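Visitor: Below, each chain spelled out in residue letters.
2 protein chains.
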Amino acid sequence: MAQEPISLDRALDSFAEQWSPRIVTAVNDYDVRVAKVEGEHVWHAHDHTDEFFLVLDGELRIALREPSGERTVVLPKGSVFTVPRGVEHKPHAPVPTAILLFEPTGTVTTGDRHDEVPAHVDTTTGHALG
Amino acid sequence: MAQEPISLDRALDSFAEQWSPRIVTAVNDYDVRVAKVEGEHVWHAHDHTDEFFLVLDGELRIALREPSGERTVVLPKGSVFTVPRGVEHKPHAPVPTAILLFEPTGTVTTGDRHDEVPAHVDTTTGHALG
Chain S
0 MAQEPISLDR ALDSFAEQWS PRIVTAVNDY DVRVAKVEGE HVWHAHDHTD EFFLVLDGEL
60 RIALREPSGE RTVVLPKGSV FTVPRGVEHK PHAPVPTAIL LFEPTGTVTT GDRHDEVPAH
120 VDTTTGHALG
Chain A
0 MAQEPISLDR ALDSFAEQWS PRIVTAVNDY DVRVAKVEGE HVWHAHDHTD EFFLVLDGEL
60 RIALREPSGE RTVVLPKGSV FTVPRGVEHK PHAPVPTAIL LFEPTGTVTT GDRHDEVPAH
120 VDTTTGHALG
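Protein sequence lines, in the order shown, are assigned to chains S and A. Residue numbering for the first sequence follows numbering that gives the first Met the number 0, beginning at 0 and increasing consecutively. Residue numbering for the second sequence follows numbering that gives the first Met the number 0, beginning at 0 and increasing consecutively.
Just so you know, the hints here were simulated from the structure itself, not pulled from any lab data. From a predicted model like this one, the values you see are computed outputs, not experimental measurements. One or more of the hints may lead you astray.
No distinction is drawn between identical chains; accordingly, a pair holds when it is met within one copy or between any pair of copies.
Stated by the list, open to error - List of simulated lysine to any residue pairs, SDA-like, C-alpha gap at most 20 angstroms:
hint, residue 1, residue 2
1, Lys-76, Arg-64
2, Lys-76, Leu-11
3, Lys-76, His-113
4, Lys-76, Gln-2
5, Lys-76, Ala-44
6, Lys-89, Ala-1
7, Lys-89, Gln-2
8, Lys-89, Asp-28
9, Lys-76, Pro-4
10, Lys-89, Arg-9
11, Lys-89, Pro-4
12, Lys-76, Ser-6
13, Lys-89, Glu-69
14, Lys-76, Thr-122
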């Protein structure tokens, strides 16, 4: 079937779950995912891939444990950041926030290593749009 | 040096050239690029990669030559579309438009095959942000 453009607003309106990404399209063997987020995710790291974040609405903060120490980057709406592979990070959002992610198909939301996953965090490789 | 988040608005404000993408960040061996566009690009195809478009502002139309015939998809602000590898396509924008692209590092803006490239179209693998 012919592919049609996808409205990110419509995609975001089609689900309510927080920290539970939906796959909007694929680019080769990468996924473009969107997620609604608020509050804290979990410390985790992807050992084999970078992870790209674009803030569509709200504000995302990403705590990072880098060789030089721990810091938090702040991403207002309309900003982007790539977490390098292997870097432990914990996203959190002080307000209801919408993000777009770009990462290899099959990348798990909680990474290859993580702290205990709280109940509100979905461990998934992304869900199909409804 | 520690990476910092990048504002897409600020990135777009840093240059004026149309159809001349700037690389805002890399994700593994992929680039995230932004471009200002208006008017017509050129018919071209990428034989080895899909190409992802997100419209940040304005409206992008992409003419596609598919096995079933030619059609044009319309991407208002906030919508996304992936052009499959091998499909000839010609982006055009009826109004000043800003787009974000994901594609493998080294992907040339005019593809592996193209019509004669008009002077206003930059053949490039993307420029560094100034």
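Visitor: When no copy is named, should Lys-76 and Ala-44 be tagged within, between, both, or neither for a Cα gap of at most 20 angstroms?
Guide: This pair counts as neither: shortest intra-copy Cα distance 24 angstroms, inter-copy 33 angstroms.
Visitor: Tell me, please, which holds for Lys-76 and Gln-2 at an alpha-carbon limit of 20 angstroms: within, between, both or neither?
Guide: Only across copies: Lys-76 and Gln-2 sit 18 angstroms apart there, 28 angstroms inside one copy, limit 20 angstroms.
Visitor: Evaluate Lys-89 and Asp-28 at a C-alpha cut-off of 20 angstroms and name the case that applies: within, between, both or neither.
Guide: Answer is neither: 25 angstroms inside a copy and 23 angstroms across each miss the 20 angstroms cutoff.
Visitor: When no copy is named, should Lys-76 and Ser-6 be tagged within, between, both, or neither for a Cα gap of at most 20 angstroms?
Guide: both (17 angstroms within a copy, 8 angstroms between copies)
Visitor: Are the CA atoms of Lys-76 and Pro-4 at most 20 angstroms apart within a copy, between copies, both, or neither?
Guide: For Lys-76 and Pro-4, only the inter-copy Cα distance (11 angstroms) is at most 20 angstroms; the intra-copy one is 22 angstroms.
Visitor: Quick one: Lys-76 to Arg-64, C-alpha cut-off 20 angstroms, is that within a copy, between copies, both, or neither?
Guide: neither (23 angstroms within a copy, 35 angstroms between copies)
Visitor: Between Lys-76 and Thr-122, at a C-alpha cutoff of 20 angstroms, which is it: within one copy, between copies, both, or neither?
Guide: Answer is neither: 25 angstroms inside a copy and 31 angstroms across each miss the 20 angstroms cutoff.
Visitor: Since the copies are identical, ignore which copy is meant and state whether Lys-89 and Ala-1 lie within 20 angstroms (CA to CA) inside a copy, between copies, both or neither.
Guide: between (38 angstroms within a copy, 17 angstroms between copies)
Visitor: Under a CA distance limit of 20 angstroms, which applies to Lys-89 and Arg-9: within one copy, between copies, both, or neither?
Guide: neither (27 angstroms within a copy, 26 angstroms between copies)
Visitor: When Cα atoms must be at most 20 angstroms apart, do Lys-76 and Leu-11 count as within-copy, between-copy, both, or neither?
Guide: The answer is both: 15 angstroms in one copy and 15 angstroms across copies each meet 20 angstroms.
Visitor: Go through the copies and call it for Lys-76 and His-113: within, between, both or neither, with a Cα cutoff of 20 angstroms.
Guide: neither (27 angstroms within a copy, 36 angstroms between copies)
Visitor: Have a look at Lys-89 and Pro-4 and pick one of within, between, both or neither, based on CA distance no larger than 20 angstroms.
Guide: between (31 angstroms within a copy, 15 angstroms between copies)
Going down the numbered hints, you'll see the structure goes against 1, 3, 5, 8, 10 and 14, while the others check out.
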